[in-house]
Each structure stands twice: as structure tokens, then as C-alpha cells.
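Q: Spelled out from the first residue to the last, the chains are:
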Amino acid sequence: MLFLPGIAVFSQSVPIVDFEQLQPRLQLSNDTTYIVNFWATWCLPCIKEMPAFQKIHEEYISQKVKVLLVSLDFVKHIDSRLIPFIEKHELTPEVIVLNDPDANAWIDKVSPRWSGALPATLIFNKNFREFFEQEFTYLSLKQIVESNLVKQ
Amino acid sequence: MKNKLLSLLFSLTFVSLSMAQGYVAGDKAIDFKLKNIDGNYVSLADFPDAKGFIVIFTCNHCPYSVAYEDRIIELDKKFKPLGYPVIAINPNDPEIQPQDGFEEMKTRAAEKGFTFPYLFDEGQKVYPVYGANRTPHVFLLQSENGTNKVMYVGAIDDNYQDETAVKEKYVENAVNALIVGRKPDPNFTKAIGCTIKKKN
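Taken in sequence, the protein lines are chains A and B.
In terms of this note's numbering, the first sequence opens at residue 1 and continues consecutively.
In terms of this note's numbering, the second sequence opens at residue 1001 and continues consecutively.
Next up, chain B with everything else stripped away, as it sits in the complex:
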């Protein structure tokens, strides 16, 4: 009986945890003020001309993030001139994952030649509000009258392993949809990724 109760309690706790809400398409996204690798603080409000943002929670250590680095650079190069810059945010606690420290972020960005802000979610306050639960995890935003509306949440494309074998470029298709005034379809995808590292 005790075991049954314990396991019930356990499952209830788990269900409530797993139901913690993150953003879905249609939600209004919060702005933030986070430190960039150049030492300056960056907010979405700093880009008054942007039509939207490709916000990507990513990091240094995760092999899935690493596998997508070149594709993230390509997304920025392609869509920044069209009004949709990439904003990358490292959500990990460097005390748990030392490779994701601020100095290490600077080093990695320089090595790869990141063309976009690479921000540090100091105190881990932003990613839980967005509902990021892995890296990389994309939130595509559309700016409207000073607010940022979530239009797509999920993976970059359907093949982390082999760029040449990609069949669906989810993010690229989603931004292209926004550019022509359509809603992205799909507006939600899942992917395998690294958990976001936080203290228990």
C-alpha cells in the first residue's frame, strides 16, 4: 500500500512537472536583457527594424548544437537581411557544464565566426519562460506593434546528422511563410537534444 501511495505521489509530481507550460504558437514572448559575448547587453527592443527573430537556445557542449552551428550561421546570413536575425541564447549553468561558460562562449563564437548575438542566460531566468527544454530549441517570433508573437517552436530541420539529407527545413520554411504573410505549418516540431543543465 505504501508503495502504491508513493508511486501515485511520484507520478502526480511528475505529471505536474511535465505540464509546466512553455510558449506555443500564438503566445506573446517576453523581451529580455542578456549579456552578449562582446560584453554588451542585448534586448529584442534593440532591433526596431526587425520583422521578427529566430531565437535559438543553444550551447557549446551539446553535439546536436554543434552539429547545427553551420546551419544556424546560414539561417542568420539568409534571414537577417530580410528582417529576421538569429538571436542565440546559452541557457546552461556553467557550474554544471563548464564548457558552456561565458569565456568558452566567446571562444566558440570566434572559432566559428558567429554572425549573431550569442547571449548568456545569466541566472537562467529566460529559458523557463520560453519553455526551452533542450538545445538546440528554436522559437520563431514575429514582431507586431512592439510585441513579439511566437509563430513556430521546435527543431531547425529534420536531420541533425546529415545536412545534405535534410528533407524539411522547418525554420527556413517557417520564416519564408512569415515573409509572405502566411502562418508556418507545422508550427511545432520535436527533436532529440541535450537537456538544459541546471542545479537540482
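Only chain A is shown next, with the shape it has when bound in the complex:
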């Protein structure tokens, strides 16, 4: 076994954070437009809109746009559901798991307008900040990103 050190390289892992660790990333205010999508593999409308986030991520890869997919999948389902989903759909934006079950303590810190239902998306840069508790299509997402990019 010692002669096959490369074998573990292929196994994927997803970082697990609590809200305190996530929060600074929601408070960034600079030239980059951040698209933070709260989702889960069990959430039907989340799965439906996921290709839109993937496409925007690819389309703006050379620009100051950053897509972060914050999964609310249960920790015990990371290996059995989340990672297979990421692999199957070849998701390339960064994925992290938010494991902080006392949601009442942090939902309002994402946005006071968030009821807690998924999907939810926060889009922001130094000039713009908006929260959306809704499902996006590629076009509706693109329209918001395009019209709010920070002009270089």
C-alpha cells in the first residue's frame, strides 16, 4: 500500500464551517462581485437553479466574480450525497458546508429578509448588496450580475 501514495489524491473533501467562520466572507466589500448561494442536495429548486450558478461561474471566470456554494446538507450526508452530487454535475465553484444548527442565531445575519427557506442567494460588491429568497434562472442571475459589476 505504501507504494501507492497517489491513491488518496482523487478523493474529494468539502470544508465544514460554522457561521462565525463564514460571516467574514459575507462582509467583504471590494471590486469583486460575490455570489453566495445557500443550497442543499435535498432542495429541489436549488438543484434546478444550480446550472445557472455553474454557467455564471464559467462565464465570468476571468472577471472579478466569485461564486461560493454554501451547502446546508447534513454533515453525515457529505460523503454519501454532497460529494457524489458535486462530482456528477461537475460543479467547479467553491463548495463549503455550513454546519451550524442553531439557524435562528444566524439567519438574520445573512439577511433579515431571509425566512430560512432554501434556496437563498446573496450578491454583493463594494457598490451593491442584495439578498434573494428565490430561484434563479441563468438569465435572471446574469442580469443582476452584469448590471452590478464594478467598472474597472
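Just so you know, the hints here were simulated from the structure itself, not pulled from any lab data.
The beta carbon of each residue, even a glycine, is placed where N, CA and C say it ideally should be.
Treat the hints with care, as some may be off.
[Stated by the list, open to error] Short, incomplete list of chain B residues facing chain A, as computed with Cβ under 7 Å:
id, residue
1, Asn1133
2, Arg1134
3, Asp1158
4, Asn1159
5, Tyr1160
6, Thr1189
7, Lys1190
8, Ala1191
9, Ile1192
10, Gly1193
11, Thr1195
[Unchecked claim] Distance windows between CB atoms, simulated:
id, chain 1, residue 1, chain 2, residue 2, range
12, B, Thr1147, A, Lys55, 49 to 57 Å
13, A, Pro51, B, Glu1168, 35 to 43 Å
14, A, Gln21, B, Pro1186, 19 to 27 Å
15, B, Lys1078, A, Val17, 31 to 39 Å
16, A, Lys88, B, Asp1049, 48 to 56 Å
17, B, Phe1188, A, Ile16, 23 to 31 Å
[To be verified] Away from chain A, derived, C-beta distances all over 12 Å, residues of chain B:
id, residue
18, Asn1040
19, Glu1074
20, Gly1083
21, Ala1110
22, Thr1115
23, Ser1143
Once you have looked at the hints, place chain B on chain A.
A: Structure of chain B alone, referenced to chain A:
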């Protein structure tokens, strides 16, 4: 310019949607007549001796609802004898979420041994009036002179994932407050949950 206008229009539409009102503590809740898994129709008025109700919008498919099933049964077992039965309502459209069909509700209730009515919000007329926007979503009602007043809206407790790690049992504390004649504090909490499935 066109983009700006579009995005303004878009945000306005969104703001008006998100401000759709649901019940908050103090509101009077409507009664309903919904089909139970045993085929009978159930209304709050069918429980003349109840002091109130733990109305929970929940369903079969949602992992958060599933995670809370045992705790919902415990709530009913604990508070039904004290006058506050659980009334569970599935608000989802089975055409969108087939696991939440009426037959599937019967099956799940039998598997888990639900001790409370599990009603189907046929036509999805009740949940929008209550303002449920996810499952599970609790509305604790207090009965007074034939009306039902909303006393607490929100989550069951503060840990969906691990029952043994719960620090605050919001619903249990709220019902206990009502029993001793106090107002629940908090009377509103938020939680992550599954969206209610409806046709666009």
C-alpha cells in the same frame, strides 16, 4: 439604462413578494377543514376541549421534517393530555413533490406511528394564509372564546441535526408558558427548512 430599469422593476417585484404577510404573535388564526390521512375532514372546531393547538406545517420528503418527526410525536404525546394537541399539515403540491402525495402521507404516518392528525392542504389554501414558508414551520395557537390566537411562530428547537444537543426547546417552552398563563418568549424564531412546493 434599460438594465437599471429592469433591475429596479425586478427588486420592486421582489420586495413586494417578500413582504407578503403571514401570521405573527397576536393575530387571529383561521380555522380550516382539511382531509386527514384516515379520510375524515378535520377542523380546529372539532376539538372543543382544546386549550390551543400546535399547528405544524411539515411533510414527508424534507430532511428537516424527517429529522423532527420523533420530536413532533413527543410534543403531541406530552401536550395533547394538557390540552394542546399537534395538528400536522402537509402544504406541498404532490405534482411537484410526489413523495408528499396523500397515499405517501398515509404510509409515512403508519411507519412512524403518528399520534396526531396529518392533514393535506388540498389546493394549498391554508398555508399561505398562515404564512408558512418552509417545512417544518410551527404556529402555536391559544383558543379563547372560539377563536384561535397565534402565540408563537417558528422553529421547534435550536438544533435540527442533533436532538441531544438542543439548548432551547422553543415550542415546548412556548406551550409551557401558555399553560402557566404567560406569553411565550421568544414568540418568533427562524430556521432553515424546505421551501413549500407549489406550481409557479
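Q: Run every hint past the structure and note whether it holds.
A: Evaluation of the provided hints:
At a threshold of 7 Å, the smallest CB-CB gap from asparagine 1133/B to chain A is about 5 Å, leaving the interface hint in force. Using the Cβ-Cβ criterion of 7 Å, the hint placing arginine 1134/B at the interface with chain A is satisfied: the shortest such distance is roughly 4 Å. Interface hint at aspartate 1158/B: satisfied, since its Cβ lies 4 Å from the closest Cβ of chain A, which is below the 7 Å cut-off. Annotation: asparagine 1159/B was flagged as interfacial toward chain A, and the flag holds, the nearest CB pair being 4 Å apart, inside 7 Å.
Here the hint on tyrosine 1160/B is kept, as its CB sits about 6 Å from the closest CB of chain A, short of 7 Å. For threonine 1189/B, the shortest C-beta to C-beta distance to chain A is roughly 4 Å, which falls under 7 Å, so the interface hint holds. Interface hint status for lysine 1190/B: upheld, as the beta-carbon distance to the closest one in chain A is roughly 4 Å, under 7 Å. The closest approach between the C-beta of alanine 1191/B and any C-beta of chain A is roughly 5 Å, which is under the 7 Å cut-off, so the hint is satisfied.
The interface hint given for isoleucine 1192/B holds, since its Cβ lies 5 Å from the closest Cβ of chain A, which is under the 7 Å cut-off. Because the beta carbon of glycine 1193/B sits about 6 Å from the nearest beta carbon in chain A, less than 7 Å, this interface hint is met. Taking 7 Å as the C-beta contact cut-off toward chain A, the hint placing threonine 1195/B at the interface holds, the least distance being around 4 Å. Look at threonine 1147/B against lysine 55/A: about 51 Å separates their beta carbons, and that is inside 49 to 57 Å.
Separation of proline 51/A from glutamate 1168/B is about 38 Å and conforms to the stated range, judged on CB atoms against 35 to 43 Å. About 26 Å separates the C-beta atoms of glutamine 21/A and proline 1186/B, a value consistent with the hinted range of 19 to 27 Å. Distance hint for lysine 1078/B and valine 17/A: a CB-CB separation of about 35 Å, consistent with the stated range 31 to 39 Å. In this structure the hint that lysine 88/A and aspartate 1049/B lie 48 to 56 Å apart at CB holds, the actual value being about 53 Å.
Taken as a hint, the range 23 to 31 Å holds for the pair phenylalanine 1188/B and isoleucine 16/A, whose Cβ atoms sit roughly 29 Å apart. With a least beta-carbon separation of about 31 Å from chain A, asparagine 1040/B lies farther than 12 Å from that chain, consistent with its non-interface assignment. Every Cβ of chain A is farther than 12 Å from the Cβ of glutamate 1074/B; the closest lies at roughly 18 Å, confirming the non-interface assignment. Its beta-carbon lying about 27 Å from the closest one in chain A, glycine 1083/B satisfies the requirement of being farther than 12 Å from that chain.
The non-interface label for alanine 1110/B is consistent with chain A: the shortest C-beta to C-beta separation is roughly 23 Å, beyond 12 Å. No beta-carbon of chain A is positioned within 12 Å of the beta-carbon of threonine 1115/B; the least distance is around 26 Å. Distance check on serine 1143/B: its Cβ is at least 27 Å (rounded) from any Cβ of chain A, clearing the 12 Å threshold; non-interface status holds.
Of the numbered hints given earlier, the model fails none.
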